[in-house]
Amino acid sequence: MELISPTELAKEKVLAVQEYTLLAIQSVANVFRKPLYLADMVQQADLIGVGSLPIVVLIGFFTGAVLAVQSANTLQRFGSISLIGQLVSLSMVRELGPVLTGILVAGRNASGMASELGSMVVTEQIDAMRALGTDPMKKLVTPRVISTVFMLFFLTIISDFVGLAGGLMVAKVLLNLDARQYWSNAWQSLVFEDVFMGLVKPVLFGFIIATVGCYYGMTARGGTQGVGRATTQAVVTASVLIIVVNFFVTQFLMNVLKYK
Amino acid sequence: MSAPTLPLDAAATTTTDHSGIAILFEGVRLAFEENEVLRGVSFRLPLGETKALFGVAGSGKSTILKLALGLLKPDAGRIVVLGNDMTQMREEDLFELRGKIGMVFQESALFDSLTVRENVAFRLMEERGIYDPDIDRRVREALSFVELEHTVDMFPSELSGGMRRRVAIARAIITQPELLLYDSPTGGLDPVTSNTIVELIVKQRDVYKTSSLLVTHRLQDAFTMATHQFDKQANRLQELPRGQYCDVPMSFLVLRDGKVIFDGDIHQLVHTKDEYIKEYIS
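As you go down the protein sequences, you meet chains W and S in turn. Just so you know, we're using numbering that gives the first Met the number 0 here: the first sequence kicks off at 0 and counts up by one. Just so you know, we're using numbering that gives the first Met the number 0 here: the second sequence kicks off at 0 and counts up by one.
Since the hints were made in silico from the structure, they are not lab data. Be aware that one or more of the hints could be misleading.
[As the list claims (entries may be wrong)] Each computed DSS-like pair below joins lysine-lysine, with the alpha-carbon atoms no more than 30 Å apart:
1) W:Lys138 - W:Lys33
2) S:Lys72 - W:Lys12
3) S:Lys99 - W:Lys138
4) W:Lys33 - S:Lys72
Turn these sequences into a full structure, and let the hints guide you.
Put into structure tokens, the structure is as follows:
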């Protein structure tokens, strides 16, 4: 393996951040430029949204269920088992719904975007597209970013809902609690700040997933091995960024919304 | 007849009148990190002429095509294509200019998730947004030009290398561009398929009078182009008598170590005194 000097490494990293920032800005700016490629957006929305639905539902349901199982023991000790609906609902809506859905979609779609675009780069299809007078940023990147942001928003709502349903199943079947009480507890504990926080996050995470996936795809070099590397890096970077950004966004929103 | 050429690597000469010139390179330099690929390349391609680019692997031939298309930007020098100074243009403005240029890539670069029909129609579909009967007619015309009408609903992976190259030519010519760039269009193909491709290139040159820049490793292909004309009536290539070679709008350019070492017609090429070129063409 070739050794790189620290200066060169720092330069490479700064260049990567610069290129990523430019791609992210351009992907948003293209929304206001024609053509819009609506058909491509719908196709991507189907691939990202409908395609991810089964795993999001499955993971959301069992996350809600395991959350109820794990917390039941502790709540019982304090005689607060009736608060299980509140605990599941707040955890799912504020944190687990957006973060888990984001990481799942990152694993499935950031990798897909990186490998698809990466293959197009190494087989000169991106150059061919530019040669044919089409801007690959407009045709390939912007529809993916818009579709991911849009679909992740709804996937998160679905994940939150099925998570609550998972908690309900545990509450009713294993803990013999009243279903109506669970639902009203879960529903009434949610305030505007919880829902707002839970719906802002998927928008940011969707943007991160699509821009990171597209960035690694568009900058893939070195044939099939390079495409494989880009795919792995896209998933790792998108997942790590989601976790890190989640912390800062939570802090920021809590301060802004004066949340207690 | 071949137009007069610039003095080799005349970096200092600046041409302001671009009429009658399809491509003009003036002192173009380009380096990839430490490796300087082009070291002051200058040449011009007059309108209607085909210029064959020769040189060993890594001499910068494909780079010249990418520069002419604006896919790469030079570190220094000037590139004028169809009257537009590419070095001064933004990427957004280049997309419009590229509509007048067709490019055939080395490995065809067909979109593998699209059918042959969608590949060939790509540029027109992008312009109009829908696949209408007029686009269908033009797709069939372009495919008939390369004799591949029957592949219209096939995917690139179902085609042979030669067929893919011909589809790439159909995709490049569908809008009848003013300039065509060919990157090793016959590379890796058998002699029969290569001859078919050469015939298509000559047909495009002689029937539609399209200017073209052609990168090739196969000397015999370029010599065939320089010594033959397309007979529209007979629908095939016809060899010219030896004295009429200069009537063919064809010239040659040889690169060595990132510099132009020869730019002239077939007569000048075969009578060159340069030992390197003599060895190269022998």
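Evaluated hints:
1. W:Lys138 - W:Lys33: holds (10 Å)
2. S:Lys72 - W:Lys12: Satisfied, since the Cα-Cα distance of roughly 23 Å is no more than 30 Å.
3. S:Lys99 - W:Lys138: holds (20 Å)
4. W:Lys33 - S:Lys72: holds (25 Å)
Checked against the numbered hints above, the structure violates none of them.
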